[in-house]
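Asker: Take these sequences, add in the hints, and give me the full structure.
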Amino acid sequence: MSFGAATKVATAATGFRTKAAESIEHSVAAASAADTPYWLADIAHQGVAAFNPNPPGYKVFRNVKDYGAKGDGVTDDTAAINAAISAGGRFGPAGRKTSTTTPAIVYFPSGTYLISTSIIDYYFTQLIGNPNAMPVIKATAGFVGLGLIDGDQYQSDGNQGWISTNVFFRQIRNLKLDLTGIPAGTAATGIHWPTGQASSIQNVVIAMSSGAGTQHQGIFIENGSGGWMTDVTITGGLYGANVGNQQFTMRNIVISNAVTAISQIWDWGWTYQNLLISDCTTAVSISNGGAGKQLVGSVNILDSTIKNCQNFVETAWQPADLSTGSLILENINLNNVPVAVKGVSGTVLAGGSTTISAWGQGHKYTPNGPANFQGPFTAPTRPSALLASGSNRYFTKSKPQYAQSPVASFVSIRSVGAKGDGSTDDTTAIQSALTSAASAGKILFFDQGTYKVTNTLYIPPGSRIVGEAYSVIMATGSVWSSITNPVPVVRIGKPGESGSVEWSDMIVSTSGSTPGAVLVEWNLAATSGSGMWDVHTRIGGFQGSQQQVAQCPTSAAVSVACQVGYMSMHITKAASGVYLENVWLWTADHDLESPTDERISVYTGRGLLVEGKNVWLYGTGSEHHSLYQYQFSGASSIVAGFVQTETPYYQPNPDAANSPYPSNLALNDPNYSSCLGGNCNSLGLRILNTKDVIIYGAGLYSFFNNYSTTCSTFPLPENCQSMIFSVEGSTSGLVVYGLNTVGTSYMIVKDGTALATVADNLATYAATIAYFTF
114 MSFGAATKVA
124 TAATGFRTKA
134 AESIEHSVAA
144 ASAADTPYWL
154 ADIAHQGVAA
164 FNPNPPGYKV
174 FRNVKDYGAK
184 GDGVTDDTAA
194 INAAISAGGR
204 FGPAGRKTST
214 TTPAIVYFPS
224 GTYLISTSII
234 DYYFTQLIGN
244 PNAMPVIKAT
254 AGFVGLGLID
264 GDQYQSDGNQ
274 GWISTNVFFR
284 QIRNLKLDLT
294 GIPAGTAATG
304 IHWPTGQASS
314 IQNVVIAMSS
324 GAGTQHQGIF
334 IENGSGGWMT
344 DVTITGGLYG
354 ANVGNQQFTM
364 RNIVISNAVT
374 AISQIWDWGW
384 TYQNLLISDC
394 TTAVSISNGG
404 AGKQLVGSVN
414 ILDSTIKNCQ
424 NFVETAWQPA
434 DLSTGSLILE
444 NINLNNVPVA
454 VKGVSGTVLA
464 GGSTTISAWG
474 QGHKYTPNGP
484 ANFQGPFTAP
494 TRPSALLASG
504 SNRYFTKSKP
514 QYAQSPVASF
524 VSIRSVGAKG
534 DGSTDDTTAI
544 QSALTSAASA
554 GKILFFDQGT
564 YKVTNTLYIP
574 PGSRIVGEAY
584 SVIMATGSVW
594 SSITNPVPVV
604 RIGKPGESGS
614 VEWSDMIVST
624 SGSTPGAVLV
634 EWNLAATSGS
644 GMWDVHTRIG
654 GFQGSQQQVA
664 QCPTSAAVSV
674 ACQVGYMSMH
684 ITKAASGVYL
694 ENVWLWTADH
704 DLESPTDERI
714 SVYTGRGLLV
724 EGKNVWLYGT
734 GSEHHSLYQY
744 QFSGASSIVA
754 GFVQTETPYY
764 QPNPDAANSP
774 YPSNLALNDP
784 NYSSCLGGNC
794 NSLGLRILNT
804 KDVIIYGAGL
814 YSFFNNYSTT
824 CSTFPLPENC
834 QSMIFSVEGS
844 TSGLVVYGLN
854 TVGTSYMIVK
864 DGTALATVAD
874 NLATYAATIA
884 YFTF
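Position in the sequence shown counted from 1, then plus 113, gives you this note's numbering.
Just so you know, the hints here were simulated from the structure itself, not pulled from any lab data. Treat the hints loosely; a few may be bogus.
What the hints assert, rightly or not - Quick list of in silico lysine-lysine cross-link-like pairs, BS3-like style, CA-CA up to 27 Å:
no.: 1; residue 1: 532; residue 2: 510
no.: 2; residue 1: 420; residue 2: 510
no.: 3; residue 1: 172; residue 2: 210
no.: 4; residue 1: 477; residue 2: 510
no.: 5; residue 1: 607; residue 2: 477
no.: 6; residue 1: 183; residue 2: 510
no.: 7; residue 1: 863; residue 2: 686
no.: 8; residue 1: 607; residue 2: 510
no.: 9; residue 1: 477; residue 2: 172
no.: 10; residue 1: 686; residue 2: 510
no.: 11; residue 1: 804; residue 2: 686
no.: 12; residue 1: 420; residue 2: 607
no.: 13; residue 1: 555; residue 2: 172
no.: 14; residue 1: 183; residue 2: 172
no.: 15; residue 1: 477; residue 2: 863
no.: 16; residue 1: 477; residue 2: 406
no.: 17; residue 1: 804; residue 2: 863
no.: 18; residue 1: 607; residue 2: 555
no.: 19; residue 1: 532; residue 2: 172
What the hints assert, rightly or not - Label-pair distances were calculated between CB atoms; the ranges are:
no.: 20; residue 1: 668; residue 2: 708; range: 31 to 41 Å
no.: 21; residue 1: 522; residue 2: 167; range: 54 to 64 Å
no.: 22; residue 1: 522; residue 2: 196; range: 42 to 52 Å
no.: 23; residue 1: 299; residue 2: 268; range: 15 to 25 Å
no.: 24; residue 1: 176; residue 2: 465; range: 44 to 54 Å
no.: 25; residue 1: 886; residue 2: 403; range: 46 to 56 Å
no.: 26; residue 1: 254; residue 2: 827; range: 28 to 38 Å
no.: 27; residue 1: 253; residue 2: 668; range: 29 to 39 Å
no.: 28; residue 1: 505; residue 2: 666; range: 45 to 55 Å
no.: 29; residue 1: 490; residue 2: 511; range: 23 to 33 Å
no.: 30; residue 1: 779; residue 2: 708; range: 21 to 31 Å
From the three backbone atoms N, C-alpha and C, an ideal C-beta is built for every residue, glycine too.
Answerer: Given below as structure tokens:
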């Protein structure tokens, strides 16, 4: 959860293609009458919602045609689709409640689904189409609603159904949205998507009217704390994307023939990677609010191509303003773009057909500052191991969907003996399946379920693992009882092993007191492309965790029962070539089953520890660990962005110096015996003895002091804690773009000395620094 103001395939740009980009060449007015095979539709559906009130009667996988949808392009399928989403006592926006007990995949076979009002998304829902013949959702001419898909429907009181920062665990994949039947002058939206973490949109096409005066917008986000989006193609409209959120990462976004491709409503920080924007008046506008009142904190754009647009970026930044409107452009190809950066008084940076190596505006620290700057600077040298083959762009790899793999390539974990019922010990069955599937070259499918394990699971090289609606591995038992003897729950490879692992769409959790649990330990060495996509750690706060309001209320003293994790994830010294995309390491701050999102106090030691090399961290977050959220220690060659953290809400009761988790010198834990300013809360990001780290956007937030928010009141005092970002030892080659902090007095500290204060860098609700290098 994020708290704060209400109101984130690399190839040469000319060759950048996604399935979504290719599919837009075909008509979205009709779809194949015969559904092309896709394994997810064809595999036996035997997932179980383990903690649902009626597991045998609850259906996880729902095909919309089983609920009456025709997909013939003639019948109004709105009611049938919404019935498929809501069936089974699920939690929608009207009820304003979240729950982990009703996970669902709502599947769309190929076809054209005519709708006249919005498809209303529910909590913990994945809307998935067939990627081999993408289904079309087509609006009628008289369509009524905010979004063909509405991710957080406004209710009769004028408020969204859910608090958008609390909307987790959902996806939209493999769909075409067709708004072209709606008159151009009628306001219309493809996807309304105010959202929190562990959410994603992937492989989606949105087609809108390009007619004069068009009022269509492809994606509308007005608030939230996200988020991840990739492989999205948008044509037409007034806005391709009209977006505002605390932080977000968006990659492989193709937009053409819009008036404004991307309109940034507001943000604290946003990262755009691999944009391909063409034939628009303006590619990216960050000027909302105007000079002196910009609502955009920071934007980073990298590895992108802009073609045949009048303006690349529109900004209202001025040197005398607060540190709003911070902007970094790196490795940008312009083709027939007369104005690269347009300011309030005209052209700031001329365009043409050229390459922008590195250009920015805002406050900079090199490492001392602040200094206002607006202009070019020397781009950092990117570690070659992090680049795509034959390219100067970073390597990226979208989440595998195994679209071309027949169903015979998959092995169901339940079919080979695991129960997933939340009570049976599935350790032996899972380990056997992991070993045999890797040996046989099969893809292991974790049917939806909660798989109780009582000892470490070992994932061997060559494994490919995919979950269903966020299947859960849940650790419990005495193996993890010692707070001084950490033991992995899931171990990927052993030290010295090499190879590749692909792991997607799952959650690793704990149940009961497990203070020695390291939820994920990554040892495997790889070149590239081995990693986790949409795999999250979730500690406490859900049905079955034994750490809900009844067990871990905020009023209670620290108890052993609520000490539940030594570390969320460890990338060890042996590991290399580790790729993380849309990964959220979350210690619960509130009870997901509570009707009022009631807060809880759950204690974990460490977030993500990186000691390896050649690591990609795209769209990751780490929250509410007592010692640190991210620590890079003795590591090398890391690219990250956007990274987002939150300090535990209970601190300083106890603070990091008095955490129930004792310091471990072998892991180079922070020494909080004396800290700058005497306010020793958990660090958001600590980098020590590490080289070659480039971060494209970071949001390090501390909203609370023992559950009070008076310490993070904008603009000052911002003193929930003294320091939140620490650089130490022999660290070199460090670059941070778009650093945003909340609630900390000092934004950057080097070896105990403050380099940057919040008072010097006030911006939006967050303080912002455009560029820091050391």
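Asker: Are residue 532 and residue 510 close enough, with their CA atoms no more than 27 Å apart?
Answerer: Given that 27 Å is the threshold and the Cα spacing comes to 32 Å, the pair is violated.
Asker: For the pair supplied as a hint, residue 607 and residue 555, confirm whether the alpha-carbon distance does not exceed 27 Å.
Answerer: 21 Å, holds
Asker: Mind checking the alpha carbons of residue 607 and residue 510 for me, to see if they're no more than 27 Å apart?
Answerer: 24 Å, holds
Asker: Taking the Cβ atom of residue 490 and the Cβ atom of residue 511, is their distance within the range 23 to 33 Å?
Answerer: Hint holds: Cβ distance 31 Å, inside 23 to 33 Å.
Asker: Taking 45 to 55 Å as the hint, is the beta-carbon distance of residue 505 and residue 666 inside that range?
Answerer: Since the Cβ atoms of residue 505 and residue 666 sit about 53 Å apart, the hinted range of 45 to 55 Å holds.
Asker: Between the alpha carbons of residue 607 and residue 477, is the straight-line distance 27 Å or under?
Answerer: 42 Å, violated
Asker: Is it true that the C-beta distance of residue 299 to residue 268 lies inside 15 to 25 Å, as the hint says?
Answerer: 23 Å, holds
Asker: Taken at face value, is the distance from the CA of residue 510 to the CA of residue 477 at most 27 Å?
Answerer: 31 Å, violated
Asker: Taken at face value, is the distance from the CA of residue 510 to the CA of residue 183 at most 27 Å?
Answerer: 35 Å, violated
Asker: For the pair supplied as a hint, residue 183 and residue 172, confirm whether the alpha-carbon distance does not exceed 27 Å.
Answerer: Within the cut-off at roughly 20 Å; holds.
Asker: Mind checking the alpha carbons of residue 804 and residue 863 for me, to see if they're no more than 27 Å apart?
Answerer: Cα-Cα ~15 Å, so holds.
Asker: Return holds or violated for the Cβ distance of residue 253 and residue 668 against the range 29 to 39 Å.
Answerer: 53 Å, violated
Violated hints for the displayed structure, listed by number in ascending order: 1, 4, 5, 6, 9, 12, 20, 21, 22, 25, 26, 27, 30.
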